[in-house]
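The working numbering puts the sequence shown at residues 85 to 632.
Please keep in mind that the hints were generated in silico from the structure rather than gathered at the bench. Errors might be hidden in some of the hints.
[Said to hold, decoys possible] Derived pair list, reagent style EDC-like, types lysine to aspartate or glutamate, alpha-carbon separation capped at 20 Å:
1. Lys-159 / Glu-248
2. Lys-237 / Asp-156
3. Lys-362 / Asp-156
4. Lys-539 / Asp-518
5. Lys-529 / Asp-407
6. Lys-480 / Asp-565
7. Lys-450 / Glu-522
8. Lys-362 / Glu-248
[As the list claims (entries may be wrong)] Just the calculated beta-carbon pair ranges, DEER-fashion:
9. Ile-100 / Ser-397: 46 to 56 Å
10. Leu-146 / Glu-245: 24 to 34 Å
11. Leu-146 / Lys-122: 35 to 45 Å
Yeah, the Cβ is synthetic: ideal placement off N, Cα and C, and Gly gets one too.
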Amino acid sequence: MRYYFPYLIYITAFGIIPFAVTFALVGINLKEAEAVFKLVPVSTIIYNTLVFSLVSAVVTTLVGTILAIFVDTMKRGKRLASILIMLPYTIPFTSSALIWSISLYGNYGWFSYLFHVPFDPLYLSSTAIWAVTGVNIWSMTPMSFLIMLSALKSIPQEVREASEVDGLTLSQFYSRIALPMTSKAFLLSFLLQFIIALGNFDTPYVLTQGGPGFASTTLPLLVYDEIFLFVNFSGGEMVAAILSGISVIPAVLILMLIKSRRTPFPSPNFRIPNSIFKAVLYVASAFIIFLLDFPVYWMFLVALRPNVYDFKSPPVLLPTSIDLKYISTCFSSAVPYLTSSVVVALLASLITIVLALPSSYEIERKGVLWLLLVSIFLYSLPSTSYIIPLYLFFSKIGLLNTWWALILSTPVFTATFAVWIMFNFFTSFPRAYDEAAEVFGIKRKITRVIAPLSKTTTLSAFLLSFIFNWHLLFYPLLLSDTPYNMGFPPKGAETITIFALQAIGDETINWAALASSALIAALPVMVISFFTIDRVIKSDSKSGLKFV
85 MRYYFPYLIY ITAFGIIPFA VTFALVGINL KEAEAVFKLV PVSTIIYNTL VFSLVSAVVT
145 TLVGTILAIF VDTMKRGKRL ASILIMLPYT IPFTSSALIW SISLYGNYGW FSYLFHVPFD
205 PLYLSSTAIW AVTGVNIWSM TPMSFLIMLS ALKSIPQEVR EASEVDGLTL SQFYSRIALP
265 MTSKAFLLSF LLQFIIALGN FDTPYVLTQG GPGFASTTLP LLVYDEIFLF VNFSGGEMVA
325 AILSGISVIP AVLILMLIKS RRTPFPSPNF RIPNSIFKAV LYVASAFIIF LLDFPVYWMF
385 LVALRPNVYD FKSPPVLLPT SIDLKYISTC FSSAVPYLTS SVVVALLASL ITIVLALPSS
445 YEIERKGVLW LLLVSIFLYS LPSTSYIIPL YLFFSKIGLL NTWWALILST PVFTATFAVW
505 IMFNFFTSFP RAYDEAAEVF GIKRKITRVI APLSKTTTLS AFLLSFIFNW HLLFYPLLLS
565 DTPYNMGFPP KGAETITIFA LQAIGDETIN WAALASSALI AALPVMVISF FTIDRVIKSD
625 SKSGLKFV
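Just need the whole structure built from these sequences, with the hints factored in.
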């Protein structure tokens, strides 16, 4: 049997078929679906979606590139700098939104105070979508940094040495050599960020729920509203189909980019003295890192201090005393949600590796590139492309509000991503190991030879999958409705992100409870992420992750 057959069966059942059925369902009740265009300002919502996605993609890619160059130029402290830059990515979108809801709050939030913003931009229709976009940029910039840093690290050392021999300044090296050589990674970062933002439900939902009015409503929110607020499945299917149709364009561009052998960028020649270049780069990077990390500090500060300090103007920015009341109360209430998140994240990640490791190996060795392209395409689609058929399927077989609905459905994202990055790893995996296994007649080559020799990259893929599953909100919100019953057989599957979401109703009266909920949701995966970062930022053939 082909190693990739189980993976192919899975993505067909939980990816290709639901994607096709989403479009088929629209035609069944076309008149009901058309009601969407009469009841809501669809043009405004599409505009919001494109603004949110395009601005996020452009800014995160540019800022991530600046930070990657900053770390690449450092001789010491690369590990610490990378951890500080990656910190926002370790925090679930739900917790990120909760942090920023108390950071932007009038004159009482740290951001509003330091940057003299006399109002909360989330509550004005003219600024809401821009504020939501800013929060998304904050949470997703580390992803672009990761992609660009891995690309810069892949530049051969002899190229760097040759540039020094030729007397090139740092600005010339990066403008003439490094950036053109990593231009595919730059474009990949832009397209990936655009696609991820296009399907981002969590951040707009938690921050504004699409308000005021429809000022910050995006297409993923409209899918949810049509199904659960307006009870219009046909309308939800129509919007999901529109979103999927838009997503096809960047997904196809990613495929074309990966297959292309051309360097998309020119080689400009910017000659700036090294001292000036480094000074500007380091000052800009220090300011960006401050913006990335201070919200995390604010979360810890508000969660661990008495709530009498919350509504102070100017805000109290330094710790004064510790109060563990809210954090302990939140933790005791969060146990059922934490249990569900741990079970779902662990089992879904195990399924991811079981499917991805053998299939990515065979795709590379046997040249089954069409399956790689299908994997990248499915990963590139937003979750709304699959959710409605999956919801109907799990409802029919009685798996709604169970762990199994989440465990079975989420690897369509994590397994496809793992196949992608592990395929890139196997391109540089020595074929001598395959030949030795053949010579000595070793059976079960995957488990006895390939898996042990690729354990570092496999572990990195597992941990990234775990982080992704821990961050999930959209699928748990639709496929579960009660917390785990703490009994057997298990019933209820609400995850820790839903627990954190429930605190948003108290944001105006109890910041400590809100920040504590965000901290409880974020802390476990933050610890895991610190362990992951060292592995992910390496780019050698033994342990690095490669995106292109």
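*Is the straight-line distance between the alpha-carbon of Lys-539 and that of Asp-518 20 Å or less?*
16 Å, holds
*Measure nothing beyond the straight line between the CA atoms of Lys-529 and Asp-407; if it is 20 Å or shorter, mark the hint as holding.*
55 Å, violated
*Assess, step by step, whether the Cα of Lys-159 is no farther than 20 Å from the Cα of Glu-248, and give holds or violated.*
It holds: about 16 Å lies between the C-alpha atoms, which stays within 20 Å.
*Within a Cα-Cα threshold of 20 Å, do Lys-450 and Glu-522 meet the stated pairing?*
It holds: about 15 Å lies between the C-alpha atoms, which stays within 20 Å.
*Hint says 35 to 45 Å; check whether the CB-CB distance for Leu-146 and Lys-122 agrees.*
40 Å, holds
*Are the Cα atoms of Lys-362 and Glu-248 separated by 20 Å or less?*
Roughly 16 Å separates the two Cα atoms, so the pair holds.
_Cβ separation of Ile-100 and Ser-397, checked against the hinted range 46 to 56 Å_ = With Cβ atoms ~55 Å apart, the hint holds.
*Compare the distance between the alpha carbons of Lys-362 and Asp-156 with 20 Å, and conclude whether the hinted pair is satisfied.*
Holds - the C-alpha atoms of Asp-156 and Lys-362 are around 12 Å apart, at most 20 Å.
_Against the range 24 to 34 Å, how does the distance between the Cβ atoms of Leu-146 and Glu-245 compare: consistent or not?_
Once the Cβ atoms are compared, 28 Å apart, the range 24 to 34 Å for Glu-245 and Leu-146 holds.
*Satisfaction of hint between Asp-156 and Lys-237, Cα-Cα up to 20 Å*: 8 Å, holds
*Is it true that the CA of Lys-480 sits at most 20 Å from the CA of Asp-565?*
16 Å, holds
Of the numbered hints stated above, the single one contradicted by the structure is hint 5.
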